[in-house]
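Chemist: Sequence lines, in order, name chains L and D. Under this note's numbering, the residues of the first sequence are numbered 52 to 448, in order. Under this note's numbering, the residues of the second sequence are numbered 104 to 395, in order.
Read the hints as simulated data drawn from the structure, not as lab findings. Any given hint might turn out to be false.
What the hints assert, rightly or not - Covered by chain L, according to a simulated footprint, are these stretches of chain D (three or more residues, beta-carbon under 8 Å): (1) 210-221; (2) 307-315; (3) 363-376.
In this text, a Cβ means the ideal position worked out from N, Cα and C, and glycines have one as well.
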Amino acid sequence: MKKVLAFVLAVVMVFALAACGGSSSAPAATQAPAAAAPADAAPAAGAFKIGSQGPLTGGAAIYGTAVMNAIQIAVDEVNAMGGIQFEFQSQDDEADSGDKAVNAYNNLMDWGMQVMVGTVTSGSGITVAAQAYQDRTFMLTPSGSSVDLIADKDNAFQVCFTDPNQGVGSADYLAENFAGAKVAVIYRNDDAYSQGIRDTFVAEAAVKGVEVVYEGTFTNDTATDFTVQLTAAKDAGADMLFLPIYYQPAAVILTQANQMGYAPTVFGVDGMDGILTLENFDTALAEGVYLLTPFSADADDARTQAFVAEYEKRYGETPNQFAADGYDGVFIVKAALEAAGCTPDMSSTEICEALIQVMPTISVDGITGEGMTWAATGEVSKAPMAVVIKDGVYVTP
Amino acid sequence: MKFLAYLVSGISLGSIYAIIALGYTMVYGIAKMLNFAHGDVIMIGGYISFLAATNLGLPTLVSVLLAMVVCTVLGIVIEALAYKPLRSAPSLAVLITAIGVSYLLQNAALLIWGANPKSYTPVVEGTLHLFDGQLSVSYVSLLTVACCIVIMVGLTLFTNRTKMGKAMRACSEDKGAAQLMGINVNRTISLTFAIGSALAAIAGALLCSFSPTLMPTTGAMPGIKAFTAAVFGGIGSIPGAFLGGILLGVIEALAKGYISTQLSNSIVFAVLIIILLVRPAGLLGKNTQEKV
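Just chain L, same shape as in the assembly (with noise of 0.2 Å):
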């Protein structure tokens, strides 16, 4: 029975190496239709084929299926432009960091997927970057913000801000829209994503001369009670509180505060976004608050406007911070080919190697922020936009 097994998987494998060996000839028509986004027909024939893959089922479902919709709506409206066309095919990997991650990879490249917009979460995307540089495919991930997933790799770009980064996007914003403000910083320091931004906000605040007046922190064990580091935030001046925190325990902060009649001006990071969902909670107490995300869907710009529009019409809902990056991904790499003077008869090395050339030179203005740039590492640098939460609604301050 082994060796039965043992054969079939050896000749399955050799047709997987053979059909590896000829993918840029291989017809898109062989391929099973992809779960979210059926590629639309007849496409130009000079079209780019870019791919992205990311959970459309399971728990993490709402983050991918947000980034492949927008995805559409950005190729449709680039192809509408006329200029470079573009073909789209989505993969689903479940968000998972390993063997699906790498079939959806494979399926994709199987496809002959020049350049990928991808992945969705970072678990995957670490995955798939190792194997994407080693192939030299190009990879622009709209929200996989893990500093691993670019580390080492000059292939993989990021949409998003790094976690890190975000630390020096809100003391930079402080320093420009809170000068003077005395700030308090309550962080968990049992949690790499908290003391990652605490540790870059401190650095950064001391740089623009952001004045922190108070810095305490607490662990999952310690989560219950903020009153100690509330009376002493209160009591060293602090009018300004930096959160680099999950919301849950922002919640417990912000009632606590209220209790002890501590009305600073609370400040967060994408960590915030989702207090207003939490079930029972009395929003008038997140009021006033601050968060740093890179898109809102009630910012008044035009673009931004006529995205959301798109988005309800298509989808009928409002789109979040990821479709926001996904859509904001197609252009960038619109952006970088026509930089490079990409033409899609190009392998997806020869294209990869000359975005990567091109990609610290340009910037590129989304809807997640104005005049993107790249370094060299794939990190993004982006003005920080931030919301302010008014009547439980996030608007542009």
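Given chain L's structure and the hints, the job is docking chain D onto it.
Modeler: The following block gives chain D in isolation, referenced to the frame of chain L:
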């Protein structure tokens, strides 16, 4: 003033620990077992009172009473299914079972109510401002301290003055002899669990009023801290649990305020180790000598 504010924080937090520790110590003192699921019964109590108040729109008092009833039944059921069959088993087996029950409750809550946190509406709202608003004490803290004292006095009177309490103390001293004296040991222990679980429901409502993010893991850490408090005060001793809880809270708050927020837990546990080195039975624990 800063010192007073820290002290108030410490006492508020400590009274939460104390009220949970009372449940631990009650069960330990009588059934001689560590009910590690106690923290999770607290979490269930929090959820029941949350759902009753928010989804059914019941008044706060009624929803807490409902939570007490549900938790009492839950406590009796847990005892009957998980602990009673192990009455003569080694205490380590019972301990492991208790940890198992703890995980069972946490994961059941995760299945039923999901991982998304809920925001608990405090049972009493508002804050008392003293000294021109320099010192503020929330009514929840005052209520917790008051509840704590009432429960401590009530439990002490119950175990010392009533017939049932006497039976409990008898079981605590010697189960075999108590049975020979005509005491229904099983029923006495079930009653202990019922009381402990009813207290857990009250503790749940107060804990969630103090720290309003309700999740399936809400009870776990305060449970462990309260267990520490119970050991600190002398496990099995009812006033000891109260004293241990308050002291633990105050030490934690002062360490956070004056030394370091990062070191506060280390300091709390260092103090615990020193106390146990000096008084192995805890602050108010009785050092009983076993006859050989």
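Chemist: Against each hint, give a clear statement of whether it holds in the structure.
Modeler: Hint check results:
1. 210-221: holds (count 3)
2. 307-315: holds (count 4)
3. 363-376: holds (count 4)
The structure agrees with every numbered hint stated previously.
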